[in-house]
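> Throw the hints in and build the complete structure from the sequences for me.
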Amino acid sequence: MSHAFTQLEQHDTPTIANAIQGLGIRPATSGFTRPPVGAVFPTIPAIVGRAVTVTITSFEPFDDPAAEQAAMLPLYAAVAAVEGPKIVVVQDLDQGPGCLWGEVNSTICQAMGALGVVTDGLVRDLNEVGPMGFQYLARGVGVARANTKVTSTGVPVEVGGCRFESGDIVQADRHGAVVVPGDRIDDVLAAAERVTTREQTLLDWVRSDEFDPAELADRRARH
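In this note's numbering, the protein residues as written are 1218 to 1440.
Keep in mind that the hints were calculated from the coordinates and are not lab data. Watch out, some of these pointers could steer you wrong.
[What the hints assert, rightly or not] Label pairs and their computed distance ranges (CB to CB):
| # | residue 1 | residue 2 | range |
| --- | --- | --- | --- |
| 1 | T1418 | L1310 | 45 to 51 Å |
| 2 | V1358 | R1380 | 22 to 28 Å |
| 3 | A1245 | D1281 | 47 to 53 Å |
| 4 | P1314 | T1223 | 34 to 40 Å |
| 5 | V1358 | Q1286 | 35 to 41 Å |
Backbone N, C-alpha and C define an ideal beta-carbon position, used for all residues, glycine too.
Written out as structure tokens, the structure is:
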């Protein structure tokens, strides 16, 4: 599977989404994130990993600092339990104004093999996290931290209009995140190559001296 992950990293998410749609695996309107969840670091290349799914609440205050620190331990345990590259997918049940993710969580989770986080919560510490190469896909950027409490791990979540299940193969880049069907990954990769080849053939023709608008209908049909 590591070879397949490496191959997926060579494509962007629009290409993979086109490949999945072309195979008719699922409805064209599902399986990917949409705004307001988006990439905070658009220059970081595509990442691919297994989904570590988490739900949190972010409003209710803590009784003491020790409880606040302990509240994140289930998330760390869930990340540590998944082998290989992984992407943490966090659903903020409260959709609060505080940040659930920053430099500390990024550093800890990256040390355990996480490549990024996909969340409908807020993130911060951009100056520190960006150079780490740890990707943020989030609802937005904020200032103050949230009262983050992990309520569950390993359960289906919905972030950015996309359903994620624990262990899903997730590809993410500057456009968003897409769930890649694990049982069809070879088909998806082959289809992605076909998509790339067809698009490049069409674009090479459009950019050439042989371009003729009268032929567009036929060329687009083949594309």
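> If a hint holds in the structure, say so; if it doesn't, say that too.
Structure-based check of each hint:
no.: 1; hint: T1418 x L1310: 45 to 51 Å; result: holds, 47 Å
no.: 2; hint: V1358 x R1380: 22 to 28 Å; result: holds, 25 Å
no.: 3; hint: A1245 x D1281: 47 to 53 Å; result: holds, 49 Å
no.: 4; hint: P1314 x T1223: 34 to 40 Å; result: holds, 39 Å
no.: 5; hint: V1358 x Q1286: 35 to 41 Å; result: violated, 24 Å
Violation of the numbered hints given earlier is confined to hint 5; every other hint is satisfied by the structure.
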